[in-house]
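Peer 1: Take the sequences, apply the hints, and build the full model.
What follows is each chain in one-letter form.
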Amino acid sequence: MNTEHFVQIENLTFKRDDRVIYDDISLTIPKGKVVAVMGPSGIGKTTLLRLIGGQLKPDAGRILFDGDDIAQISRKKLYEVRKKMSMLFQSGALFTEMSVHDNVAFPIREHTKLSEPLISAMVAMKLNAVGLRGAANLMPNELSGGMARRAALARAIALDPQLIMYDEPFVGQDPISMGVLIKLIRQLNDALGLTSIVVSHDLAEVMSIADYVYIMANKKVIGHGTPEQLANDSSPLVHQFMTGEADGPVPFHFQAKPFAEQLKEVLS
Amino acid sequence: MISQIGRSALQSINTSGRATLMLFFALFAWPKFIKNTPLVIKQIYVVGVQSLAIIVVSGLFIGMVLALQGYTILIDYGAENSLGPMVALALLRELGPVVTALLFAGRAGSALTAEIGLMKATEQLTSMEMMAVDPLKRVIAPRFWAGFYSMPILAFMFSAVGIYGGHLVGVEWLGVDAGNFWAVMQASVDLHDDVMNGFIKSVVFAFVVTWIAIFRGYDCVPTSEGISKATTQTVVHSSLAVLGLDFILTVFMFGE
Amino acid sequence: MTSRKVEFWVGLFIVAGVFAFLALAFKVADAGAVGPSETYKLHAKFDNIGGLKVRSPVKVGGVVVGRVANIELDRTDYVPVVTMDMYAQYNDFAETSSLSILTAGLLGEQYLGLEPGFVETCDEGEEDCFETEILTDGGFIEDTKSALVLEELIGQFLFSQSDDS
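Residue numbers (the numbering used here), protein chains in the order written: chain E, 1248 to 1515; chain D, 61 to 316; chain G, 17 to 181.
Please keep in mind that the hints were generated in silico from the structure rather than gathered at the bench.
Treat each hint with caution, since some may be false.
[Stated by the list, open to error] Pairs of lysine to any residue residues, derived as SDA-like cross-links and limited to a Cα-Cα distance of at most 20 Å, are as follows:
hint, chain 1, residue 1, chain 2, residue 2
1, D, K102, G, V22
2, E, K1330, D, P195
3, G, K75, D, N240
Peer 2: What follows is the structure, given as structure tokens:
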């Protein structure tokens, strides 16, 4: 087992129907770090997390999680491995028919045989870590978007996983919630000795917490390094992304035939 | 044209394959069965107990209408004493299982589809999977069993209440002799041929309707449009399946 | 907790379901009167069984004493053989009893009417006396009358009319 490389993706190719999402990419996620995967919307960053979680199978290449090839192991083993990871969904994905307390208790109840008082204590601890101990008895539909995401985060860390994957944690958050989330991600990572993968396109926030950043576009990894290294990167692609220019190597227009040609067709 | 037929045939084979796989994985959850019992009970409450009102009320009215219609026809032949068996046989053999299944599809089946579809759309199923909890076992299986257990019970209640409704109209209102009503009914209704065959029908319908409902939810396109389409499909497909299967079962049971 | 309430209702639901089933079984299908489960078998040959069916009742003076268990064709002389399940408490029919296929009303179901035969007992030492035996399991009733077939009746009627003229 290589402790240095907690998650290792080697020569991954993934197609959805005939559309290539990833073309032969390789990533390494070192243990104990916050690694960000950035890129324009719609390039399937969430897909990457699902591949790591074993919900999708790659067409080629290997995904090693803590030494296990996710795509090759049995269904039973996959469920074992998943206990070591958890994922924070964009929507939070709290179970709507349960209270916040029961939501956080859910994975504990499913995977352990602890007594109810002990579970309540654990839940209170996890909720305290995200600052929602007072909201334990609320139902998910009574929470604001930011609170829902924090509650989901409490649920994600309920069983002390070794890896947390954040799927677009900053989307649609007000600046205060955003600040809280940034603080939580960093804090949890350092305090619990976790490894974190953050998938996002919010440049400033990611740059402030990530130890290492991968930038993806056009089905490839176009650049990687620490935030400082990337800021000084000379490649035009990275440059476009870091400065947020509308047009460049990643084109403004979705793939189409030349505009003049289409106009001619329409008008003739 | 030909290739279109081929494509839709392939698609339906594909769909039924996925449905079978889903059911297979959901039902082979025996090790967790004890742990899941409270979940099944909770779902029986949602699926069965909450459907009780519509079943009882519909049963009562259908029994009453049957008695009224039957009486006006039978009286012409002086055969109003056959009202009892007519109501009882119609309910036990056909209307009990079939109407219960149709109402169940509309009341509980569509709710199951919508609930599971919404759980899928809000990533609850995926997040469960990422928590190493198999949603097929945690979400799908209890709902399947709940529907499977509830519907035959509901069908019995439907028939029992319907016969009581027939008694109300036939005996209390129209004045058919009470002794004749029950005695002739008892003479012509058979426990095995009528009650048990009706039970077998409702078990088959329960299996099919619940299966279609949970599969449509589990397999839906996770958007609001997809869920509404899946809900409609649940009601349409399960109604058609129930009516079609009813014919086949009737041929085997009563067609000699 | 709410689960108490849920459990209560589900319990009530299942009890009500069982109750509905019992009501259907006993009040409607009258399972209790299907008769004693103990039966013995009798056989009888008919020329024509008409519309007789399995489970048709066997009646003596209107009282159900058994049901038709099976109907098949005898492969040696090609006549139908009817097997009846007779209730064990009516176990004293003489072998001279006769069976006929009757119809309940003009359009009703067909059933078997059993006419009990006389039981003749012989005093000891009496000559030329044949004691009638009581039918037991597997016994045959020899004296049978076939079903009335309406077409044949009409045919006979017309035939006798033309004879008269």
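Peer 1: Now look at each hint and say whether the structure bears it out.
Peer 2: Now for the hints, and whether the structure bears them out:
| no. | hint | result |
| --- | --- | --- |
| 1 | D:K102 to G:V22 | holds, 6 Å |
| 2 | E:K1330 to D:P195 | holds, 15 Å |
| 3 | G:K75 to D:N240 | holds, 19 Å |
When each numbered hint is compared with the structure, no violation occurs for any of them.
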